[in-house]
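Novice: Letter by letter, the chains look like this.
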Amino acid sequence: MKIAFTTKGTDWDAEIDPRFGRTEYLLLYDDETKTLQSIDNREINQKQHGAGPQTAQKITELDVQLLITGNGPGGNAAMVLEKAGVRILTGYANLSAKDAYQRFLSEK
Amino acid sequence: MKEIVVISGKGGTGKSSITAALAYVSDTETVLADCDVDASDLHLLLKPKQRNSKAFFSSEIAVIHQDKCTQCGLCEQVCRFDAINFEKGQYQIDSIACEGCGYCAHICPESAITMEIQQDGMLYISDTRLGKMLFHAELRPGAENSGKLVASVKNSAKHYAQQTQIEYILVDGSPGIGCPVISSLSGANLALFVTEPSQSGFHDLQRVIALATRFHLKMAAIINKSDLYPALSEAIGRFLQEKNIPLLASLPYTEDFSKAMVQEKTVAELNIEYFQTFENIWKQILTIMGDRK
Numbered sequence: 171m172k173i174a175f176t177t178k179g180t181d182w183d184a185e186i187d188p189r190f191g192r193t194e195y196l197l198l199y200d201d202e203t204k205t206l207q208s209i210d211n212r213e214i215n216q217k218q219h220g221a222g223p224q225t226a227q228k229i230t231e232l233d234v235q236l237l238i239t240g241n242g243p244g245g246n247a248a249m250v251l252e253k254a255g256v257r258i259l260t261g262y263a264n265l266s267a268k269d270a271y272q273r274f275l276s277e278k
Numbered sequence: 087m088k089e090i091v092v093i094s095g096k097g098g099t100g101k102s103s104i105t106a107a108l109a110y111v112s113d114t115e116t117v118l119a120d121c122d123v124d125a126s127d128l129h130l131l132l133k134p135k136q137r138n139s140k141a142f143f144s145s146e147i148a149v150i151h152q153d154k155c156t157q158c159g160l161c162e163q164v165c166r167f168d169a170i171n172f173e174k175g176q177y178q179i180d181s182i183a184c185e186g187c188g189y190c191a192h193i194c195p196e197s198a199i200t201m202e203i204q205q206d207g208m209l210y211i212s213d214t215r216l217g218k219m220l221f222h223a224e225l226r227p228g229a230e231n232s233g234k235l236v237a238s239v240k241n242s243a244k245h246y247a248q249q250t251q252i253e254y255i256l257v258d259g260s261p262g263i264g265c266p267v268i269s270s271l272s273g274a275n276l277a278l279f280v281t282e283p284s285q286s287g288f289h290d291l292q293r294v295i296a297l298a299t300r301f302h303l304k305m306a307a308i309i310n311k312s313d314l315y316p317a318l319s320e321a322i323g324r325f326l327q328e329k330n331i332p333l334l335a336s337l338p339y340t341e342d343f344s345k346a347m348v349q350e351k352t353v354a355e356l357n358i359e360y361f362q363t364f365e366n367i368w369k370q371i372l373t374i375m376g377d378r379k
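Listed in order, the protein sequences are those of chains F and X.
Note that the first sequence ends on residue 278 in my numbering; no numbers are left out.
Note that the second sequence ends on residue 379 in my numbering; no numbers are left out.
These are computed hints drawn from the structure, not numbers from a lab.
Any given hint could be a false lead.
Lysine-lysine pairs mimicking DSS-like chemistry, simulated, CA-CA at most 30 Å apart [unchecked claim]:
| id | chain 1 | residue 1 | chain 2 | residue 2 |
| --- | --- | --- | --- | --- |
| 1 | X | K329 | F | K253 |
| 2 | X | K88 | F | K268 |
| 3 | X | K244 | F | K217 |
| 4 | F | K278 | X | K329 |
| 5 | F | K178 | X | K244 |
| 6 | X | K304 | F | K268 |
| 7 | X | K244 | F | K278 |
| 8 | X | K351 | F | K217 |
| 9 | F | K178 | X | K140 |
| 10 | X | K218 | X | K88 |
| 11 | F | K228 | X | K88 |
| 12 | X | K329 | F | K228 |
| 13 | X | K329 | F | K217 |
| 14 | F | K228 | X | K244 |
| 15 | F | K278 | X | K304 |
| 16 | X | K88 | X | K154 |
| 17 | X | K244 | F | K268 |
| 18 | F | K178 | X | K218 |
| 19 | X | K304 | F | K178 |
| 20 | X | K351 | X | K218 |
Chain F with its partners taken away, still in its complex shape (with noise of 0.2 Å):
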């Protein structure tokens, strides 16, 4: 499964981004491959509008199966990623990448 997490920084240390279409960076980690991988977002903020949406579809591109973030996607940013049945779980903000990660084992 490859999951997206929207961050500030391009490492497992790097902290998660409460914003999801403006936010900096993608982080990527295929549990199978085990494999960590960054996606520079920032010049979404070159957008007037519609950050939300692109990088959904940015999102889609990417075959990615759950999005974990912090305030979560607007109304037609979550409509895409529905869509394209990506899961979304909401309230990481402050937390690491990395401890955002365990969180979502010990609840799975």
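Let chain F serve as the given structure and place chain X on it in line with the hints.
Specialist: Relative to chain F, chain X alone:
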């Protein structure tokens, strides 16, 4: 560092007046971010002295490169905003009408149209007479507020609050439930709704609550001008109760809000009663945030 976002759905409920009063009573605990950029009014009450300013580039406008244009007219046909006209022997963009959608640039067979970013306004960081910083922006006429602009204002406020270890950012949000409001709620900790007992006030409150619920934020509400239509104020109170949203205060209509504005003061500066009213609201906010018992 936490963000408190004051929003209303409907405009004109007293949101900015209340934000300014809370800024006054919260003293050194807050910095202010005015994200109601279309009608940023906080500066009227706070007499900002600009410390820093920066040009803000955001929206795009279509530009026709006449040397490449073969005058096929396709751009004029597809433009939904009638922003492309044939004048003086060439196709020209009406810069006011152009919405920057990019359809013409996409469809031009000669690639003679490019989208170019334009300056929409200025971002400011200012000292205020209250001894706290204000982060705000000014748009050029015709430019619009956007998620991007709100994010820029909030980010500079966040950066400053982190560096100076100020605990709270008080954000004056914009009316509505669109992109700028979504951007102001994104990353926030508490949404404070300022509503009024009018049909549109109640209706827009419900819409903005639905939006904030999506972001899993803590919420609280203030009914302003509550005595103008007591029955509706009661209905709003019941609605808030059903939603489990604490009502922090019902403030009766008073001309003192306008009086304070004329004097370029916040309401909390008018007299000790108002100061205590807003101090009480601020304390309740801190309790809801889990920061004070």
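Novice: Now look at each hint and say whether the structure bears it out.
Specialist: The hints, checked one at a time:
no. : hint            : in the structure
1   : X/K329 / F/K253 : holds, 28 Å
2   : X/K88 / F/K268  : holds, 22 Å
3   : X/K244 / F/K217 : holds, 20 Å
4   : F/K278 / X/K329 : holds, 29 Å
5   : F/K178 / X/K244 : holds, 14 Å
6   : X/K304 / F/K268 : holds, 25 Å
7   : X/K244 / F/K278 : violated, 33 Å
8   : X/K351 / F/K217 : violated, 37 Å
9   : F/K178 / X/K140 : holds, 24 Å
10  : X/K218 / X/K88  : holds, 16 Å
11  : F/K228 / X/K88  : holds, 29 Å
12  : X/K329 / F/K228 : violated, 34 Å
13  : X/K329 / F/K217 : violated, 34 Å
14  : F/K228 / X/K244 : holds, 26 Å
15  : F/K278 / X/K304 : holds, 25 Å
16  : X/K88 / X/K154  : violated, 52 Å
17  : X/K244 / F/K268 : holds, 24 Å
18  : F/K178 / X/K218 : holds, 27 Å
19  : X/K304 / F/K178 : holds, 23 Å
20  : X/K351 / X/K218 : holds, 15 Å
Hints 7, 8, 12, 13, 16, counting from the list given before, are not met by this structure.
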